[in-house]
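Engineer: The listed protein sequences derive, respectively, from chains D and V. Every letter in the first sequence is one number past the one before it in our numbering, and letter 614, counting from 1, is 614. Every letter in the second sequence is one number past the one before it in our numbering, and letter 218, counting from 1, is 218.
If you are wondering where the hints come from, they were derived from the structure by calculation, not from laboratory data. Fair warning: this is a prediction, and the values are worked out from it, not measured in the lab. Worth double-checking, as some hints may not be accurate.
Stated by the list, open to error - For each label pair, taking beta carbons as the anchor points, the in silico distance ranges come out as:
#1 V:Ala98 - D:His593: 52 to 62 Å
#2 D:Ser46 - V:Lys142: 18 to 28 Å
#3 V:Glu94 - D:Ser46: 23 to 33 Å
#4 D:Lys607 - V:Met91: 54 to 64 Å
#5 V:Glu38 - D:Cys469: 54 to 64 Å
#6 V:Glu38 - D:Gln966: 45 to 55 Å
#7 D:Met959 - V:Met91: 53 to 63 Å
#8 D:Arg181 - V:Ala125: 52 to 62 Å
#9 V:Ala98 - D:Arg181: 50 to 60 Å
#10 V:Gln196 - D:Glu54: 52 to 62 Å
#11 D:Pro684 - V:Ala125: 38 to 48 Å
#12 V:Thr194 - D:Gln613: 28 to 38 Å
#13 D:His593 - V:Glu43: 47 to 57 Å
Unchecked claim - With a straight-line cut-off of 30 Å between C-alpha atoms, the simulated DSS-like cross-links for lysine-lysine are:
#14 V:Lys189 - V:Lys227
#15 D:Lys45 - V:Lys234
#16 V:Lys272 - D:Lys45
#17 V:Lys142 - V:Lys132
#18 V:Lys75 - D:Lys127
#19 V:Lys189 - V:Lys75
#20 V:Lys132 - D:Lys45
#21 D:Lys8 - V:Lys272
#22 V:Lys262 - V:Lys347
#23 V:Lys284 - D:Lys39
#24 V:Lys289 - V:Lys262
#25 V:Lys227 - V:Lys262
#26 D:Lys6 - D:Lys39
#27 V:Lys243 - V:Lys187
#28 V:Lys234 - V:Lys146
#29 D:Lys32 - D:Lys954
#30 V:Lys243 - V:Lys272
#31 D:Lys6 - D:Lys32
As the list claims (entries may be wrong) - Non-contacting residues of chain D with respect to chain V, defined by C-beta distances greater than 12 Å in every case (computed):
#32 Leu24
#33 Trp51
#34 Lys57
#35 Asp78
#36 Ala82
#37 Val104
#38 Asp379
#39 Thr464
#40 Thr570
Don't be surprised by glycine CBs; every beta carbon is placed ideally from N, CA and C.
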Amino acid sequence: MPGKLKVKIVAGRHLPVMDRASDLTDAFVEVKFGNTTFKTDVFPKSLNPQWNSEWFKFEVDDEDLQDEPLQVTVLDHDTYSANDAIGKVYIDIDPLLCSEAASVISGWFPIYDTIHGIRGEINVLVKVELFNDLNRFRQSSCGVKFFCTTSIPRCYRAAMVHGFVEELVVNEDPEYQWIDRIRSPRASNEARQRLISLMSGELQRKIGLKVLEMGGNAVVGYLQCFDLEGESGLVVRAIGTACTLDKLSSGSAPNTNTHIALPTTSSSPPPFSPSKPCSRQSSSSDTDLSLTPKTGKNTWPHPPLPFSSLPSPSPHCGEFPFFTLTSFPPGFLLHVGGVVSARSVKLLDRIHNPALGNTRSYKLLDWNSVTADEPETRDAWWEEIRQEIKSHAKALGCHGVVGYSESTSICEEVCILSASGTAAILNPRWCVLFARFEEPSPPSCGFCHIPYDELNMPFPAQLTYCYHCRRQKVPDVLFTTINLPQEAAVTGKGCLIQARLCRLKKKAQGEVNATAISNLLPFMEYELHTQLMNKLKLRSMNALFGLHIQISVGENMLLGLASATGVYLTALPAPGGIQIAGKTPGDLSNEHHILTIQKRINDTIAKNKELYQINPPELTEEVVGSPIPEPRQRSRLFRSHSESSDELSELDLSHGKKDAFVLEIDDTDAVEDIHSLLTDAPTPTGFYSCNTEIMPGIYSWTSGVQMFTSVRVFRLSNANLTNQGLNKIFTDLCENLGCVLKDFYFKLRSMIPCCLCQLNFAVAVPEEELIQVAVTAVAMTFDKDQAQEKPADNETEEQLQFPMELCADASSANTQPSSKISGTASVDYGSFADRCSTWLELLRLKAHTIRRGSVKTSRRTQSLGRSRSLRSNRSFRGSPVTVVKMTPLSFLPGTRIIKYLGIINMFFIRETTSLREEGGVSGFLHTFIAEVFAMVRAHVAALGGNAVVSYSMKECMLMENPNKNQAQCLINVSGDAVICVRETDQEPNPSMANIGQTCASGTDGAT
Amino acid sequence: MAVELDVFVGNTTIMDEEVYQLWLDGYTVNDAVKVRMEGGVMEECEASADVLLSDTMDQYRTFQMCERLLHSPSKLANQLLFQIPPNRQAMLIERYYAFDDAFVREVLGKKLSKGTKKDLDDIGAKTGVTLKSCRRQFDNFKRVFKVVEELKGPLVENIPPIMRLLLISGIMLPLFFFANHRFETGKRKLQYLTFQDFAFCAGQLISNWTVGAVDNMVEDMDVDLDKEFLQELKELKVLITDKDLLDQHKSLVCTALRGKTKAFNEMEANFKNLSRGLVNIAAKLTNTKDVRDFFIDLVEKFIEPCRSDRWTAADMRLYLTHYNNSAHILDTFKHQAVWDRYMVVIKSCIFKMYHD
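Please work from the sequences and hints to get the whole structure.
Structural biologist: Laid out in structure tokens, this is it:
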């Protein structure tokens, strides 16, 4: 019985009217964890009930603590009929299980209903008492820290990077169960939300076990995804990088631009984290770990063997030297080979699931236990792909793959599995895996140097001596999926480069369909690659970072979207221009046409050079000693695909012997290509965009931050799509995608000069003629004057008040109290939360005084005595709303992260049967996204945090049926909850802690 | 290729003040786009009409979602759905509860009932304010009024802080004052007066004739007129009932005015009539019905006769100043304090209401 969960329901506010007669509500709350339920008293006739309940105590296994969410349901008491549900709050208590994360969850949570959205708020207090568990056979992995951040978290130091961890769990989707035919949509949605929450918890626990087994104490770059496979089930899978992290004392915390301090030890065996008593046990095999029935938790069906050795590399780790990280400590990457990717088309067939028959009725069986052998199938699929990636990396002479990610695209029964990463040679200091060779810290250009053998190149490539050190060979173009290494020297600024593609395919079923898709894939990749290459040349750049290629499958089309950030790496040779050639040289008018196009291209290149400030120092090639011959295009992109039949095909993307820089105009297609090349919407002045963390070439970030999500759905007008219509659709789509960016520029014009960072595009084909584009990004302001040169030290001018204009009236309060706590070098984080709270308290007081002064309220202001504890203070109805910043990046400019509070991983479903009344699909989705943001913010605030970093929207699946006035949407978001302070401050900053306060006096306005 | 859906949601809610105003003014999305295009925002940012349309739609949706919160301003501060900086919140509320002078002028003094709501169409047609905007303003008025009505004790102190700000700074206070006393403002003879005129007069009445005015404490101010004072006003009747006093007053005023104005003859001829008019207004104010007619009486009994005699504004000023001051020299007239408290309001109201 290793844990006690304590929950207190404090109060509610802004509840909806449930009783039309009295315009009031008789609310009570049910608190459920596992199979135990507690209830509060009914608080009659109030929209702002004050339950102030006793502490509800749950005594549970730590395994359950990891898997289960706390479920808080608010209901309206009804004497004569069934009680009406108002809404629910799911609280993930995982952050409380780690001693270094949050200690208490306390705050206002939006009460969420899958049909009505947010309906009021509830104040909940949650605590966990963990008993020391000495059971070495335990199945839980409490204490392993999870981070979505794909770099070493800011206040930690990586003692060791162990390697790749992966896991998946499978279940049947409640939406496709027989019972779904008779239950209400609400019940069905809630069952689904709960199941996914449960599966995520379980997945995290299992990954945690693997990490402990490997000897690590944390997972960095944790990426969890759902595959909604429909009838064949629901897969939740996750990958990550196991690490041993050491906490840095706050005094020596690096500032934002350095990722971690360099480890001091190099050759001696890296310290094994002593902070957690790691359970020395092996994990059972994958199959063993798959869904065990909840009731069987206490009996161990597969007693694991005691395992006594210290960090011995586990087979997983050795098998796949993959890293989900995209940013690395300086010196971590020795050489980078190029992008490796693999795709595979699979049929989601119930054949893989022999336990289930073909008829629906078999599903009446307990769906919780029947799918036991499914994970094996899925595991095998991924295993296959990973093997492929590994062999590609080998071919590039690399041992590891960094910036690794996996994704799927599902349409009906066809599923495309994709994996991609960047082949690289890593510094063995960090990894047990590569203990073979030792090298002094490489020069800043080191990662550009080719890792493969010059005489035995995996593909035709043009090598020159490095333009920086002149000692080693570099390729002329470099494609990667990682962020630009910090030490890399770039010329000018970078920019977002996108290749877009749309291919029709015949509607088909089963095997035929899968074959058709796998036949199309190589052509799509080829074309995307060509587009990227051309656009890169057009911008006069020579490297791509953060390359992300997404191929989405629809019923009658395939959609390809490749995004990357182009830069000019100083170490690489300058790219050549683009030459246009006609097929029929005799034709005069044609020749004239070609000349015009050539001129336009040359002009564009010149313009781009100026725009991105690319003026590389002119180097005579004689110095290098190896004249650059006619440049040739080649591919860094290694890919292959296989279909379900395991047939493997390799494609050489190097354009054979053809000269890549010469674009031939021989048919209308080529004209279209060139046209689209030139019509990329230009960015307005003052705007930059990239899909990497930060824009290469901009160093002086100021603190203006605006994270946003935008979703668009285009309907293709042509009812019967023909190949003639294809070109039209293609251009339309590209223009529209370009338009999305234009829209952002317009909306964010007040932030100029600014840069859109970590632009993440997700395309999908939800229905036959619909294309959905979902974008999440952050706009960050920077100082234009300093943008040119890289500052010597990382201290940027900090002239903006931190939370944008949010702190209008609290900012004046931030001077005095900062002297209160100084000398933080030895702050232990256990007591930190307490300090923090007294601090916040102080500020709140101050803010109140200020506010009181300004509006002359004299009588009814809350008397916030100094003695009042933060907890009770928080529960006040009028307590201020904490400002929570969100960003997809791993940091907030101008701030320092002082504490990671835990992972945020939330899944919501929203459904409506009154679509028109809610303002159509746009109104529906707009509300839903705003609600999701609100719930994320509320959870972060309740953990005591003030920001979410590495935020991402993994899934946004919208289904609509306007004729029936219905729509349903699923959203999955994740990120890391953190406390951050202004970089200039030593202590938590007041202005960001509580903003938005108003008079606490109990005024409820004109209700 | 048609755009089926298009949303943009920021973590900090993005709101454009210009679009907000257009929304408040009741423009449709398309009209708002037109206005914005004419405003030149497109050239400024190299945007196209599509971009503008999409942006306007987004913002309109946001405002519509916000509207529910704006109905009870204190909710806006502690709701969780939108992350809006405090200064923005203040702007939203301030603008939402702003009134068009033309609209308020029409509603002024009307009884707040459903009947009036039906008349919103007429008001809209008359003032050029869109129906949507009329409805918002009217509903706001009712909403605030309801809150105030349900409160006990001094008005200004008990209303929610945000409403209070509206009251003190804006036009809510005069509006209340007029609604509270149901002053007649709709008569044809009063049509020439603007809302600003009335707002000024209301301010004068509130700061001089209400209970709070005596203590000189703005915080405790109440909008009810000081009953005692109104009772005392009856004593002023002596100025017209006592024949000697009336004659004495007239001669004092005439001596002071002689040679100073072209309208002297008319002033001398009309003195008794005008004086009777003003003093009678004072004497009748104990009746609530006569309080309602305060402005119409001022116009009928004083402003109109003067205007027909072609007094200039300067003449009016001169006359009223001497008329007020001379009363102090009358040795048998004992009610100097009441007289001054009365006349200070009358003077400033008439100055404001007398348009050349």
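Engineer: Straight-line Cα separation of Lys289 (chain V) and Lys262 (chain V) no greater than 30 Å?
Structural biologist: 38 Å, violated
Engineer: Does the structure keep Lys8 (chain D) and Lys272 (chain V) at a Cα separation of 30 Å or less?
Structural biologist: Judged against 30 Å, a Cα distance of about 79 Å means the pair is violated.
Engineer: Given the hinted pair Lys234 (chain V) and Lys146 (chain V), is their Cα-Cα distance within 30 Å?
Structural biologist: Distance of about 34 Å is beyond 30 Å: violated.
Engineer: Between Ala98 (chain V) and His593 (chain D), does the beta-carbon spacing fit 52 to 62 Å?
Structural biologist: 60 Å, holds
Engineer: For a C-alpha distance cap of 30 Å, please report whether Lys243 (chain V) and Lys187 (chain V) respect it.
Structural biologist: Between Lys243 (chain V) and Lys187 (chain V) the Cα gap is close to 34 Å, so the pair fails against 30 Å, i.e. violated.
Engineer: What's the verdict on Lys75 (chain V) and Lys127 (chain D), does the C-alpha distance respect the 30 Å limit or exceed it?
Structural biologist: 29 Å, holds
Engineer: At the C-beta level, are Glu38 (chain V) and Gln966 (chain D) separated by a distance inside 45 to 55 Å?
Structural biologist: Cβ of Glu38 (chain V) to Cβ of Gln966 (chain D): about 40 Å, so the range 45 to 55 Å is violated.
Engineer: Given the hinted pair Lys142 (chain V) and Lys132 (chain V), is their Cα-Cα distance within 30 Å?
Structural biologist: Satisfied, since the Cα-Cα distance of roughly 15 Å is no more than 30 Å.
Engineer: Taking only the CA atoms, is the gap from Lys6 (chain D) to Lys39 (chain D) under or equal to 30 Å?
Structural biologist: Cα-Cα ~14 Å, so holds.
Engineer: Does Lys234 (chain V) lie within 30 Å of Lys45 (chain D) when you go C-alpha to C-alpha?
Structural biologist: Violated - the C-alpha atoms of Lys234 (chain V) and Lys45 (chain D) are around 52 Å apart, more than 30 Å.
Engineer: Is the Cβ of Trp51 (chain D) farther than 12 Å from every Cβ of chain V?
Structural biologist: Per Cβ check, Trp51 (chain D) is outside 12 Å of chain V; nearest 18 Å; holds.
Engineer: Range hint 54 to 64 Å: satisfied by the CB atoms of Lys607 (chain D) and Met91 (chain V)?
Structural biologist: Violated - the Cβ-Cβ distance for Lys607 (chain D) and Met91 (chain V), about 40 Å, lies outside 54 to 64 Å.
Going down the numbered hints, you'll see the structure goes against 4, 6, 7, 12, 13, 15, 16, 19, 20, 21, 23, 24, 25, 27, 28, while the others check out.
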